[in-house]
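Chemist: Residues per chain are reported as follows:
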Amino acid sequence: MKEVKSQMSKPVAVVGTDAVAEAMRQIQPDVVAAYPITPQTAIVEAFSQMVANGEVPTELINVESEHSAMSACIGSAASGARVMTATSSQGLALMWELLYIASGLRLPIIMPNVNRALSAPINIHCDHGDSMGARDSGWIQIFCENAQESYDNTIQAVKIAENSNVLLPVMINLDGFIISHSMEKVEFEPTEKVSKFIGTYEPAYTLLDAQNPVSVGNFDSLGGFYFELKRAQEEAMQNAFPVVEEVGKEFSQLFGREYGLFEPHYLEDAEVALVVAGSAAGTTKHVISQLRQQGLPVGMLKIRLFRPFPAEELRKALKHIPVIGVMDRSLMFAGGQGGPLFSELRSAFYELDNRPSIYSIVYGLGGRDLGPRQIEELLRDFLDGNTPEDICYLGLREGENNQ
Amino acid sequence: MMKKWEIKNINNWSWEEHPLGGIIPKAGNASTYPTGGWRSQRPIRDEEKCNDCLLCFIFCPEAAIAATSEKIGEINLHHCKGCGICARECPREAIEMVDETEAQNNERGEKSNV
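So the protein sequences, as listed, match chains H and P.
Our numbering applies: residue 3 is where the first sequence begins, and numbers increase by one.
Our numbering applies: residue 307 is where the second sequence begins, and numbers increase by one.
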């Protein structure tokens, strides 16, 4: 990819992984430590080429596992570097214990994660089970609808993570294959403008400052301060709400694309609404727009920020809608609680006297396709009052006469 | 908001007062944090056998044995973990490892006899 020299954005046709790699090139992280082969995606492959071609001065560390990748990221970030990596599915699973260390040490590491299924059975396709499993690891999580958002969110993530009131790692989730491997039109912004937007990084502490020595990753002895530090982490998550909004506003002003905590679509007078995260939001939006043309009162809300979970704002945006379907591309295996998005959204409405009816729709596990017709049928059923008694498994092969 | 880092007060700090990410922004503070309580054996040095060769001072992994002017000084029991390396390395068998509980009982006995 050739660098964009002008002050204008430049539309290009790229796959999602190339869009993210270009964002990484423009961010110019000091260090990228990554595992170079499967389950890694082409993000790191493309970025490695940029480093090899001298297009970006990043120190690229190829490591022997995702566990080591995140370990190297933590070490680099603690030394004061701006650090990025990327991962997917099993790779994220292998990083698990380090995820908590990155957030616990308050290191603003940026990590695009290509959402793909966790084994078993072996499946390499889109599924949110990987990042949903890491939802309590103290990372900020942002979901993307398409390649453009993956590019934009990766850039914004730097500014969110490094904000002095936040200082938490950020995971940018983009759907495996549907976004990562599909070619789309993406507007790349001029590198200079991106650099100016994200600014320079001033680490809160660094291991390399000999004048101000610090020790990192200390032992809390017996009940010394673990509880207090976890409470402080929760506060940083709360602080992230206004920061995500401010960064989104600033980004919109500079680059002309709007970003908030979530994206509403025809919610004002909707009688039925769907809540969706990831690429399925694009499909749903298309269906909603079509049904609106036929005069049907349907709407949707696209989740952007999943961690921290903007419960209050979601409640405000959805409380007037009588019937809400929450679409999860993962399961909690909690014996009847549906998916994590459903569970959290439903609990956000608990305090209201007049609560909407909220239904769990599980779809697309292991990359099972979700087409516009399925969404349309679902919405029409909901409008007709045919709501599911239990969790709705959309697209699941069921029954003896399944043809 | 962040307090001046002083380990002895750490258990009194509210969650808002801790340094970011639980870092310790001050070097060389291990001496203020007693860790000798883990010890099950205590080294006792026989001053008559000892010829101040300083091997124990060199080998002690906790820097718990003081040496000044080429003489062995006190063994710092606030930091000695009782590993016994000093006793093992001493060429003159001048250091004996004794049971910690017994040593403490003896100390108490000595005090009560006074």
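No lab work stands behind these hints: they were computed from the structure.
Be a bit skeptical, because a hint or two may be false.
Said to hold, decoys possible - Below 25 angstroms or equal to it, Euclidean Cα-Cα: the simulated DSS-like pairs (lysine-lysine) are: (1) H:Lys232 x P:Lys314; (2) H:Lys251 x H:Lys232; (3) H:Lys318 x H:Lys232; (4) H:Lys232 x P:Lys332; (5) H:Lys12 x H:Lys251; (6) H:Lys198 x H:Lys187.
Chemist: Taking the hints in turn, state whether each one holds.
Modeler: These are the hints, each one checked on the structure:
Proximity of Lys232 of chain H to Lys314 of chain P is assessed by CA-CA distance (about 21 angstroms); at most 25 angstroms being required, the pair is judged to hold. Taken as a hint, the Lys251 of chain H and Lys232 of chain H pair is broken in the structure, with Cα atoms around 29 angstroms apart against an allowance of 25 angstroms. With a C-alpha separation of about 28 angstroms, the suggested pair Lys318 of chain H and Lys232 of chain H falls outside the 25 angstroms cut-off, and the hint is violated. At roughly 22 angstroms between alpha-carbon atoms, Lys232 of chain H and Lys332 of chain P fall within 25 angstroms of each other, so this suggested pair holds.
Between Lys12 of chain H and Lys251 of chain H, the direct Cα distance comes to roughly 21 angstroms. Compliance with the 25 angstroms bound is thereby established for this hinted pair. Straight-line distance between C-alpha atoms of Lys198 of chain H and Lys187 of chain H comes to about 24 angstroms, which keeps the hinted pair within the 25 angstroms bound.
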